[in-house]
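Given next are the chains, with one letter for each unit.
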Amino acid sequence: MLGLGADRLWADMNRLLALLFHQGVLDEQFVQLQQLQDESSPNFVCEVVTIYFHESEKLLKNLRGLLMEREFSDYKKMGIHLNQFMGSSSSIGAKRVRNVCVAFRAASEQNNRAGCLRALELLEHEYCYLKNKLHELFHIEQQRLLAAGVRYPMQN
Amino acid sequence: MSSTNTENWMKDIGVLDLTGVGGGSTSAAKKITALVVDDDSVNQTIHSKMLENLGIQNQVVRNGKEAVDLHSSGNNFDLILMDMDMPVMNGIEATRKLREMGVRSIIAGVSTCTRDEREQKEFMESGLDDFQEKPLTTPKLVSILHKLNKKC
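Quick mapping for you: the protein sequence lines, in order, are chains A and B.
Once you know that position 10 of the first sequence is 10 in UniProt numbering, the rest is easy, because the numbers rise by one and skip nothing.
Once you know that position 92 of the second sequence is 92 in UniProt numbering, the rest is easy, because the numbers rise by one and skip nothing.
Source of the hints: derived by calculation from the structure; they are not laboratory data.
From the three backbone atoms N, C-alpha and C, an ideal C-beta is built for every residue, glycine too.
Accuracy of the hints is not assured; some may be wrong.
Which residues of chain B face chain A? A partial, calculated answer using Cβ under 7 Å [said to hold, decoys possible]:
(1) S41
(2) T45
(3) K49
Below are the DSS-like pairs computed for lysine-lysine, each with C-alpha atoms no more than 30 Å apart in a straight line [to be verified]:
(4) A:K58 / A:K131
(5) A:K76 / B:K121
(6) B:K31 / A:K76
(7) A:K76 / A:K61
(8) B:K31 / A:K131
(9) A:K133 / B:K31
(10) A:K133 / A:K58
(11) A:K61 / B:K49
(12) B:K65 / B:K31
(13) A:K76 / A:K131
(14) A:K133 / B:K97
(15) B:K140 / B:K49
(16) A:K77 / B:K31
(17) A:K61 / B:K31
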């Protein structure tokens, strides 16, 4: 019966993934990432996403730091951070985060501070949602592997 | 990617030497080498893994200057994946410098979508053989590698 636990968890994972694709949170690039995972790198997706979270949080902190400066005017620096955030988000298939970065960059190119602040809030929200959902996905995957690792007792 | 798939791909782009080795094997194949030049850790990891899965030995550096320094110390690569926006030395400057040094590798620009067509044109004119928009995928990478076959 424990094998059914692994099957149910597998279904839960696929349901969550389907939801994230349907919501536009993830796109085809996430599938490309999954296809890179193999026996030599069984945790590749999780490792890459962990690097992404780490880098993204630094970028978000930098963006917020820039916008909170009283005499802020370095839109060029903001553009550099946004380009990096866009690039890494598109590389892991984080479609909604990437799209907000595009809008944020447009506001930045117009030197629109209010627009940038609004975009930053939206970006933080989207990033937070993505992070929570991907953590949920990896947690289910972990549970599934544990459940699948339990063998039926031999029948004599 | 299984070794059979790697062999098939390498035969497809013409770098697997089938002569004198019954049926061909990856041990007889020319070992393709690549350099990933990108300041972003996520892209470094993904691009390196894509190359590794295609059986391509590769190294990673963080900016154009590190790429130039690597070549100055005698290293060379069949393929260079060059990001555009990087600190210290960007992809445009690095590509120009490498070509001035006589580097004849396939250099493929890999960059985030930019609406600045002038910048992209400048990147191409610095000496690129190809340009691909991020995100890089395995099919895009294989299309770059076909240029390697044509250049050989």
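Results for each hint:
{"no.": "1", "hint": "S41", "result": "holds (5 Å)"}
{"no.": "2", "hint": "T45", "result": "holds (5 Å)"}
{"no.": "3", "hint": "K49", "result": "holds (5 Å)"}
{"no.": "4", "hint": "A:K58 / A:K131", "result": "holds (14 Å)"}
{"no.": "5", "hint": "A:K76 / B:K121", "result": "holds (21 Å)"}
{"no.": "6", "hint": "B:K31 / A:K76", "result": "violated (42 Å)"}
{"no.": "7", "hint": "A:K76 / A:K61", "result": "holds (16 Å)"}
{"no.": "8", "hint": "B:K31 / A:K131", "result": "violated (39 Å)"}
{"no.": "9", "hint": "A:K133 / B:K31", "result": "violated (41 Å)"}
{"no.": "10", "hint": "A:K133 / A:K58", "result": "holds (20 Å)"}
{"no.": "11", "hint": "A:K61 / B:K49", "result": "holds (29 Å)"}
{"no.": "12", "hint": "B:K65 / B:K31", "result": "holds (25 Å)"}
{"no.": "13", "hint": "A:K76 / A:K131", "result": "holds (27 Å)"}
{"no.": "14", "hint": "A:K133 / B:K97", "result": "violated (44 Å)"}
{"no.": "15", "hint": "B:K140 / B:K49", "result": "holds (14 Å)"}
{"no.": "16", "hint": "A:K77 / B:K31", "result": "violated (40 Å)"}
{"no.": "17", "hint": "A:K61 / B:K31", "result": "violated (43 Å)"}
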